[in-house]
Amino acid sequence: MAPASREFIIRDLEGHSSNVVLDQDRVTLGRSTANQLSYPEDIGLSRQHVALTYQDGQWTVEDLGSKNGTMLNGQKLEAAMPFRPGDRIAAGHLTIEFLGAGSTQLTRDTVEFVDNEEQFSSTATTVVASLDAVLGPQANEVTMAADMNKTTVMTGNPQMWALIKAGRELAGHRPLAELFEVIMDLSMEAVMAGRGVLLALDGDQLKVRAARGEGFQISRTVRDRVLKEKASLLVRDAQLDRGLREHMSIVEQGVRSILAVPLQTNDKVIGLIYLDSPDQIREFNREDLNLLTVMANVAAIRIEHARLNEIEETERAMAKDMQQAALIQQRLLPDKAPKVEGLDLGAKTVAARSVGGDYYDFIRFPDNQVGLIVGDVAGKGTPAALLMSSLQARVHVLFEDSNELAAKIERLNRTTCANCPDNRFITFFMGIINPATGDLKYVSAGHNPPLVVRAGGGYEELGSGGVILGILAMAKYEEAYAKLEKGDILVLFSDGVTEAADPDDNDFGEERLADMVFKMRDRPATEIVEEIHKAVHVFTQGAPPADDITVVIARRV
Numbered sequence: 043m044a045p046a047s048r049e050f051i052i053r054d055l056e057g058h059s060s061n062v063v064l065d066q067d068r069v070t071l072g073r074s075t076a077n078q079l080s081y082p083e084d085i086g087l088s089r090q091h092v093a094l095t096y097q098d099g100q101w102t103v104e105d106l107g108s109k110n111g112t113m114l115n116g117q118k119l120e121a122a123m124p125f126r127p128g129d130r131i132a133a134g135h136l137t138i139e140f141l142g143a144g145s146t147q148l149t150r151d152t153v154e155f156v157d158n159e160e161q162f163s164s165t166a167t168t169v170v171a172s173l174d175a176v177l178g179p180q181a182n183e184v185t186m187a188a189d190m191n192k193t194t195v196m197t198g199n200p201q202m203w204a205l206i207k208a209g210r211e212l213a214g215h216r217p218l219a220e221l222f223e224v225i226m227d228l229s230m231e232a233v234m235a236g237r238g239v240l241l242a243l244d245g246d247q248l249k250v251r252a253a254r255g256e257g258f259q260i261s262r263t264v265r266d267r268v269l270k271e272k273a274s275l276l277v278r279d280a281q282l283d284r285g286l287r288e289h290m291s292i293v294e295q296g297v298r299s300i301l302a303v304p305l306q307t308n309d310k311v312i313g314l315i316y317l318d319s320p321d322q323i324r325e326f327n328r329e330d331l332n333l334l335t336v337m338a339n340v341a342a343i344r345i346e347h348a349r350l351n352e353i354e355e356t357e358r359a360m361a362k363d364m365q366q367a368a369l370i371q372q373r374l375l376p377d378k379a380p381k382v383e384g385l386d387l388g389a390k391t392v393a394a395r396s397v398g399g400d401y402y403d404f405i406r407f408p409d410n411q412v413g414l415i416v417g418d419v420a421g422k423g424t425p426a427a428l429l430m431s432s433l434q435a436r437v438h439v440l441f442e443d444s445n446e447l448a449a450k451i452e453r454l455n456r457t458t459c460a461n462c463p464d465n466r467f468i469t470f471f472m473g474i475i476n477p478a479t480g481d482l483k484y485v486s487a488g489h490n491p492p493l494v495v496r497a498g499g500g501y502e503e504l505g506s507g508g509v510i511l512g513i514l515a516m517a518k519y520e521e522a523y524a525k526l527e528k529g530d531i532l533v534l535f536s537d538g539v540t541e542a543a544d545p546d547d548n549d550f551g552e553e554r555l556a557d558m559v560f561k562m563r564d565r566p567a568t569e570i571v572e573e574i575h576k577a578v579h580v581f582t583q584g585a586p587p588a589d590d591i592t593v594v595i596a597r598r599v
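Residues in the sequence shown are numbered from 43 upward in steps of one, following my numbering.
To be clear, the hints were calculated from the coordinates, so they are not data collected in a lab.
Some hints could be false.
[To be verified] Here are the simulated DSS-like cross-link-like pairs (lysine-lysine), alpha carbons at most 25 Å apart as the crow flies:
hint, residue 1, residue 2
1, K249, K390
2, K390, K272
3, K450, K483
4, K518, K528
[Stated by the list, open to error] If you anchor each label on the Cβ, the simulated ranges turn out as follows:
hint, residue 1, residue 2, range
5, G551, L514, 25 to 33 Å
6, E354, Q90, 23 to 31 Å
7, E83, E329, 28 to 36 Å
8, E357, E329, 37 to 45 Å
9, K528, P425, 40 to 48 Å
10, P425, P491, 24 to 32 Å
11, K272, Q117, 48 to 56 Å
12, D246, L514, 38 to 46 Å
13, D98, T137, 54 to 62 Å
14, R53, G551, 34 to 42 Å
15, P127, E56, 19 to 27 Å
16, R453, G551, 46 to 54 Å
This one's a predicted model, so the numbers in the text were calculated from it and none came from an experiment.
Virtual Cβ for every residue (Gly too), placed ideally from N, Cα, C.
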């Protein structure tokens with residue numbers, strides 16, 4: 043016979059609950075993953091803690107020898123007992139409730155409305171109010187409230203009204219600069235101050251953001267107590283304070299009362315509000331101090347929200363600009379490798395950030411030879427990307443033919459030195475292949491030596507060359523030569539490949555790269571490129587790349 047209900051509610055220590063429908067006649071619960079109901083993070087559970095069994099139309103619950111025991115409806119479970127609708131099991135930090143047929147779950151996200159035949163009595167213990175009544179103009183007048191046989195007189199509270207006005211004024215979305223001005227006006231009005239200044243921290247410096255009046259001289263002791271001790275200060279009579287009356291501006295301007303309170307969020311101080319009052323206006327009191335302290339807290343929270351909103355807006359704009367920059371950079375690079383008889387070509391670069399400083403290119407020359415280029419600008423991000431774009435433009439101007447490779451690299455170096463900042467440089471490699479013969483001439487300017495993976499096994503490094511671009515304007519470069527036989531593969535790469543590190547700080551390395559390429563020697567170049575990128579990602583266990591990653595493959599076919 044099928045059970046009438048198999049639905050239960052399981053709640054954890056945090057109050058989170060879930061409905062569980064059991065689809066087996068015996069289900070165990072515990073920390074072990076071998077249980078149908080596994081809660082490995084609940085340290086109060088044993089590995090095999092409790093079992094729920096359905097037999098002959100009845101559920102039973104049984105403790106499986108757990109260390110901390112199991113409770114059924116508040117009683118320790120000593121043997122298998124019936125588990126009925128409405129019963130509750132406590133095991134570890136979990137509670138399991140049997141819903142039963144027709145039961146409904148009431149959680150913190152569920153509200154049930156019930157009928158009530160009796161009406162509330164307006165003359166009993168219930169007081170009815172409305173927002174209009176509380177905030178309307180009549181609230182400043184004397185009102186009467188009946189509470190059983192007692193009468194209470196309530197009068198308008200200026201402090202409450204100041205806070206209400208501050209809440210309304212600060213509720214809207216204002217630019218940060220405008221918000222400072224509003225807070226200054228609200229503070230002045232709330233305590234009827236004669237002058238005031240709002241200062242906000244910018245790093246370690248206090249900067250004036252709004253002021254009413256001029257010639258402020260604030261005691262360093264007052265400043266430090268407000269900022270460092272989060273203290274609100276009231277000086278009732280500055281003329282009687284020995285330290286303050288020595289300031290000529292205090293005396294000349296007739297400053298009598300002073301308030302200084304921190305612009306404080308829940309955990310930090312972001313500035314202060316300073317107010318003072320001349321003799322003829324009024325003397326501040328403790329109620330003014332309390333009011334301004336609370337208002338400053340509300341204002342500080344609103345300032346922080348506005349500041350964060352402006353930062354988010356700026357970051358969104360920057361992210362949009364970076365997306366556009368990344369798209370432009372992608373279009374500067376070849377969208378695909380050219381088709382060349384006798385060669386199978388493939389390439390791919392992935393920037394560590396939105397844009398990067400790695401550069402690769404293919405150049406088809408009139409004599410049917412093909413130029414392969416890899417460059418790596420020192421650094422990452424936008425500065426490196428700008429230099430990469432400049433390098434790409436110079437390369438396309440210089441290399442109109444395949445002749446005098448070393449001389450052209452020297453010219454490229456001189457222009458790079460003239461335009462490259464002192465803290466930037468570029469590693470560069472260019473090789474020119476004759477597809478018909480496999481002859482390769484190349485120049486390396488401090489770049490990672492490319493690999494020639496031989497079809498018959500083993501590999502060679504193309505290590506000849508000169509110094510990196512952008513360091514020494516008069517540097518000389520020499521051409522070197524190699525030959526690709528049928529099936530040999532030329533691998534150009536940036537250091538983001540071989541210097542990629544695993545969690546134990548081991549490098550991916552040239553040997554691993556060459557071994558990968560050899561094993562895939564019969565596969566298309568584009569597939570080899572993709573597999574190398576995937577292998578680096580797996581090797582670093584999905585960690586964000588520390589550097590741009592570029593791979594160029596040329597396989598002679």
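Verification of the supplied hints:
1. Proximity of K249 to K390 is assessed by CA-CA distance (about 49 Å); at most 25 Å being required, the pair is judged violated.
2. Among the hinted pairs, K390 with K272 is inconsistent with the structure: their alpha-carbon atoms are about 56 Å apart, more than 25 Å.
3. Proximity of K450 to K483 is assessed by CA-CA distance (about 13 Å); at most 25 Å being required, the pair is judged to hold.
4. At most 25 Å may separate the alpha-carbon atoms for a hinted pair to count; K518 and K528 exceed this at roughly 33 Å.
5. Evaluation of the 25 to 33 Å hint for G551 and L514 yields a pass: the beta carbon distance comes to about 30 Å.
6. At about 50 Å, the CB distance of E354 to Q90 disagrees with the hint of 23 to 31 Å.
7. The given range of 28 to 36 Å is broken by E83 and E329, whose C-beta atoms sit roughly 51 Å from each other.
8. Evaluation of the 37 to 45 Å hint for E357 and E329 yields a pass: the beta carbon distance comes to about 42 Å.
9. Between K528 and P425 the Cβ separation comes to about 43 Å, which falls inside the hinted range of 40 to 48 Å.
10. With their beta carbons about 26 Å apart, P425 and P491 fall inside the hinted range of 24 to 32 Å.
11. Hint check: K272 to Q117, Cβ distance near 52 Å, so the stated range 48 to 56 Å holds.
12. Range check, D246 to L514: Cβ separation about 42 Å, and the 38 to 46 Å hint holds.
13. Range check, D98 to T137: about 26 Å between beta-carbon atoms, so the 54 to 62 Å window is missed.
14. Between R53 and G551 the Cβ separation comes to about 52 Å, which falls outside the hinted range of 34 to 42 Å.
15. Distance hint for P127 and E56: a CB-CB separation of about 25 Å, consistent with the stated range 19 to 27 Å.
16. Under the hint 46 to 54 Å, the C-beta atoms of R453 and G551, about 34 Å apart, miss the expected range.
The earlier numbered hints that this structure contradicts are 1, 2, 4, 6, 7, 13, 14 and 16.
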